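K.L.:
Got chain B; can you put chain E on it based on the hints?
Each chain is listed here by its residues.
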Amino acid sequence: MSSVAWQESLLEFERTAPSVTVEELVGQHARTVFRVAFSVVRNHADAEDVVQETFLRATRFGKLSSIENPRAWLVKIAWRLALDRKRHAPEEPLDDVVTTLHASDRPIDEALSEEQRLRLMRQLIASLPSDLRDVIVLSTVDEMSSAEIAQVLGIPEGSVRTRAMRARQMLKQKLAAWLEKKQ
Amino acid sequence: MKQWDDKDLDRLLDRTLSEYTSEPRAGLEQRVLANLASAQTQRRRWWIWAAVPVLAVVLIAVLVWTTPRKPIEPPVAVNGPSAPNVTKSPPSQQPAVSVAAKIRKPMRKRVVESQVVAVAPKLPTFPSQSDDTQVRLALQFVQNNPALAQQVVKEDEEFQEAVARNVELQDRQNGSETQ
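Quick note, the sequences are listed as chains B and E, same order. Quick note: the first sequence uses our numbering, first residue 6, plus one each step. Quick note: the second sequence uses our numbering, first residue 4, plus one each step.
No wet-lab data here; the hints were simulated from the structure. Keep in mind it's a predicted model, so treat the numbers as computed, not measured. Even for Gly, the Cβ is constructed at its ideal location relative to N, Cα and C. Please note that a few of the clues may not be correct.
Covered stretches of chain E, going by a simulated chain B footprint (3 or more residues, C-beta under 8 Å) [what the hints assert, rightly or not]:
#, stretch
1, 19 to 30
2, 34 to 47
From chain E, some residues computed to sit far from chain B (all C-beta separations above 10 Å) [stated by the list, open to error]:
#, residue
3, L16
4, I51
5, V61
6, Q137
7, N148
8, Q153
9, D159
10, E160
11, Q163
12, A165
13, R175
14, Q176
In silico EDC-like links for lysine to aspartate or glutamate, alpha-carbon gap of 16 Å or less [as the list claims (entries may be wrong)]:
#, chain 1, residue 1, chain 2, residue 2
15, B, K91, B, D51
16, B, K179, E, D8
17, B, K177, E, D13
18, B, K81, B, E148
19, B, K81, B, E58
20, B, K177, B, D101
21, B, K177, E, D11
22, B, K179, E, D13
23, B, K179, E, D9
24, B, K177, E, E32
25, E, K10, B, D114
26, B, K179, E, E22
Bound-form chain B, shown alone (with noise of 0.2 Å):
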């Protein structure tokens, strides 16, 4: 396609698009954001700050009708914007897991609380390599489809599939070493 024809193109979907008001993105899209920011800072202040900013540097940005997925270019926005949030949290303690699952028959998803699985989840999923751990971390947003984090994370759509089940692989595996360690 030549240059003319592609500011021809430019303009007639920006002519085209529908314009997009900022109440509208905060309508549809806020709560999406936060839950991918807090899947990273995994705080919920931390969070919402990440979401104030994202929406800041989107209503910078101007042309908002132009943008063609509002919701990846804002989870792509929180996305970056939590990363470089995130402090390094110290390793949690997990002494009290491991005596829970020594006193408990039942199976490990009904011994352990809440707080203590996602505790102890944390801990594996931190220590997964960072392309999978990315991958893990957007896929427990809801709303996130293979096609959206592909999109937030710049990789093909199948190569998010691919990730997602080598970063589940290797969370089962971590999982059954930390056990076996700890009996």
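P.N.:
Structure of chain E alone, referenced to chain B:
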């Protein structure tokens, strides 16, 4: 402690990953919109503060430009003896001067001209002094010494008559010689 099988681990993963996300506190959208509105107001204020010095400079420039200035009277060339003759040496005799000196030269010349104007102001009547000096001096002389003036006029008339007679006499002599 119980031996955990593959199914247990799968269930744990499913359950934990489904709980991994969290819901925001109520009113997230309103808080975001309020923050955006306040940020926009701050940005507008920033523009106002940034525009103040620019406007001040523009205002000063306009004031300076529009304020009526005292007109500078161009130097008047004076006809008469009081205007000094500025003799210019030919360009070949002038010493080589720098560009800056060349630029400054007209300024010096202008100063000299303005001094000339100050020394010999323009006369209120026309013709100027240079044109009627002889006549005025003669009139002044007649006014102050009328008797002497009459005598001078009489002697001048006698002198003119004598000259005329002499010329006539010479013409007659020339005529007789030719005949």
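K.L.:
Hints first: check each against the structure and report whether it holds.
P.N.:
Right, here's what the structure says about each hint:
1. 19 to 30: Three-residue rule met by the stretch 19 to 30 of chain E, so holds; n is 10.
2. 34 to 47: As far as the stretch 34 to 47 of chain E goes, the hint holds, because 7 residues have Cβ atoms under 8 Å from chain B.
3. L16: violated (6 Å)
4. I51: holds (18 Å)
5. V61: At about 28 Å from chain B, V61/E clears the 10 Å cut-off, so the statement holds.
6. Q137: Q137/E is indeed farther than 10 Å from all Cβ atoms of chain B, at 89 Å.
7. N148: holds (101 Å)
8. Q153: Since the minimum Cβ distance to chain B is about 106 Å, Q153/E lies beyond 10 Å and the statement holds.
9. D159: holds (103 Å)
10. E160: holds (106 Å)
11. Q163: holds (104 Å)
12. A165: holds (110 Å)
13. R175: holds (113 Å)
14. Q176: At about 113 Å from chain B, Q176/E clears the 10 Å cut-off, so the statement holds.
15. K91/B <-> D51/B: holds (9 Å)
16. K179/B <-> D8/E: holds (14 Å)
17. K177/B <-> D13/E: holds (7 Å)
18. K81/B <-> E148/B: holds (14 Å)
19. K81/B <-> E58/B: Holds, at about 12 Å.
20. K177/B <-> D101/B: violated (20 Å)
21. K177/B <-> D11/E: holds (10 Å)
22. K179/B <-> D13/E: holds (12 Å)
23. K179/B <-> D9/E: holds (12 Å)
24. K177/B <-> E32/E: With a Cα-Cα distance of about 37 Å, the restraint between K177/B and E32/E is violated, given a limit of 16 Å.
25. K10/E <-> D114/B: holds (10 Å)
26. K179/B <-> E22/E: At roughly 19 Å apart (the allowed maximum being 16 Å), E22/E and K179/B break the hint.
In this structure, the earlier hints numbered 3, 20, 24 and 26 are contradicted, and the remaining ones agree with it.
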